[in-house]
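Taken in order, these protein sequences are the chains called A and B. Per the numbering used here, residue 3 is the first one in the first sequence, and the count goes up by one each step. Per the numbering used here, residue 8 is the first one in the second sequence, and the count goes up by one each step.
Careful: at least some of the hints might be erroneous.
[Stated by the list, open to error] Cβ-to-Cβ under 8 Å is the rule here; a few derived chain A residues that face chain B:
1) F6
2) V88
3) P93
[As the list claims (entries may be wrong)] Which stretches of chain B does chain A cover? Using the computed rule of at least three CB atoms under 8 Å from a CB of chain A, they are:
4) 19-26
5) 36-42
6) 156-170
7) 177-190
8) 220-226
9) 259-269
Keep in mind that the hints were calculated from the coordinates and are not lab data. Everything numeric in this text was worked out from a predicted model, so none of it was measured. Even glycine gets a Cβ: it sits at the ideal position worked out from N, Cα and C.
Chain residues, written in single-letter form:
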Amino acid sequence: MTRFLLGVYFAIAVAFLVMPLVLLVPISLTDSQFLEFPPRQISLRWYREFFVDESWVGATLLSFKVGIGATAVALVVGTLASVAIVRGSFPGRRLIHALLVAPLIIPTVILALALFIVFLRWKLVDNVPALIFAHAVVALPYVVLIVSSALRSFDTTLERAARVLGASPVRAFFAVTLPYLGPSMFASSLLAFFASFDELIITLFVSGGLQTLPVRIWTDLMLRLDPTVAAAATMLIVVSVIGMAIAEYFRQRNVRRYGG
Amino acid sequence: MSRRRSVQLALLLGPAVALIGLLFLFPLLGVMKQSLFNPGFTTESLEKLATSPVAAIVLRRTFLLALSVTVLCCVFGYPIAYYLATMSKRWRAFFLYLILLPFWISVLIRTYTWMVLLGREGLVNNALVGIGLIDQPVQMLFTGFAVHLAMVQILLPIMVLTCFAAMVEIDPQLVRAARTLGASPFKAFARVFFPMSIGGAAAGAIICFILSLGFYVTPALLGGRRNIMLANLIDFEVHQTLNWSFASALALVLLAATLILLALFRLVAPERRLHG
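Only chain A is shown next, with the shape it has when bound in the complex:
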């Protein structure tokens, strides 16, 4: 009996977590000026609105540009650092690891303020490359956490075997270790990309006039509740769900294939 009641509670709780996102889909398909549920007339009107509006399209393209740039930086920097942290033995290893993942837990508004102050001094406000590097800081923890945990469970015998067979350390790394890390790097780059793609607060502080997609949504929400946002949000949800399913698939496959 207790178990049954607990099950009912569990079902309600899961619905509470997931339903708001699911309900947005029909709401975004409305034909009217206002958000309504259920929509009286199904139409793709607001999706069309999104794609013909230059500010929406421009913001989306900028978000992709910044997201891809930040992911590339975080992936390279984070993978190299993970190799040093897991394989090396030097003083302060754990401190460096903690610092690299710290942006994940330090309230973003602090970092936003801090970056705003230094970017003003360095005249980097309104600068796309600077924004990319700022986003890379937020994306870095995902790469470091996932790649270093994959490296830790990697059996170094394989790499040693390659060395015994005459490969140089660098060649052994590229031929043996890197292919093993591939899926984890791919999964972590998806997470890193979304960390940047969804980033709002730092961007609001340091981007000046640049509008990424979250900033574009934010400015819209401050003014009115236009169904175009519902269409944009629905597309973001669908893209996130697919992206995360792919990331999870690759992570799981790696676990199954190599164990651990």
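Given chain A's structure and the hints, the job is docking chain B onto it.
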């Protein structure tokens, strides 16, 4: 350490240290400097902070909100994690994915869905009127209720996940042993399972509390003018009153609170969860 090794290490770690040093540590030190030096060391902005009625109200409100959201997440999250930890493995993976799904969608979008649902003509009001529970739409947007509801929904997956991670480690044989020895189901739970899972719950609570303290988007969009939190006040001081020293002092308080809580987290959480 040989020379070769040090060169290798520098090449591997250099970029990361440069990135984090230049765009994380250095700017954070800048915030400290901004709040504590002018140009010599001064506690001026901290004193101003201590005597500012606005800061006092907002700080109090932020800590109380973080506390109540954390308590709600514990109360609602623990049974979810318990059910998840005790269900069959096949269903577990499915529900775990479902619970984690919202976790990967941005806070902005998740807050927006609540704006849509809680509006005067929103789904919740329409449904309540429809079943006759209320006669006319109730004001839900721009209230503390809306902020609580959305924040609990946003943070609950983290709480569930942390509790769950501790619960799956508990050997079910132990509970069975207590039952065989004559304990009632409730007693077996209260005396065996619960004490072993409390560490995970505490770790989850601390993470929820830290994240709640820094919430910016949800209070701004769902709370309205009367529910300004610490992060919103920092933003306001930077962009509206241009009082950076005051904003930095506020950020310093938030940073100090976060670091203290992280130290507490290390005490309750098993080592491996931090570095795993």
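Hints, verified against the model:
1. Hint on F6 of chain A is violated. Least Cβ distance to chain B is approximately 11 Å, over the 8 Å limit.
2. The beta carbon of V88 of chain A comes no nearer than 10 Å to any beta carbon in chain B, farther than 8 Å, and the hint placing it at the interface is violated.
3. Evaluation of the P93 of chain A hint against chain B yields a violated restraint, the C-beta minimum of about 10 Å exceeding 8 Å.
4. Coverage of the region 19-26 of chain B by chain A holds [criterion: at least 3 residues with CB-CB distance below 8 Å; count 6].
5. Restraint check on the region 36-42 of chain B versus chain A: 3 residues with Cβ-Cβ distances below 8 Å, three needed, restraint holds.
6. Only residues whose beta carbon comes within less than 8 Å of a beta carbon in chain A count, and the region 156-170 of chain B has 3; three or more means the coverage holds.
7. Only residues whose C-beta sits within less than 8 Å of a C-beta in chain A count toward coverage, and the region 177-190 of chain B has 0 of them, not enough to reach three; the restraint is violated.
8. Coverage of the region 220-226 of chain B by chain A holds. Counting CB-CB distances below 8 Å, 4 residues qualify, and the rule asks for three or more.
9. Judged by the Cβ-Cβ criterion of 8 Å, the region 259-269 of chain B is covered by chain A as claimed, because 4 of its residues qualify and three suffice.
Checked against the numbered hints given earlier, this structure breaks hints 1, 2, 3 and 7; the rest are met.
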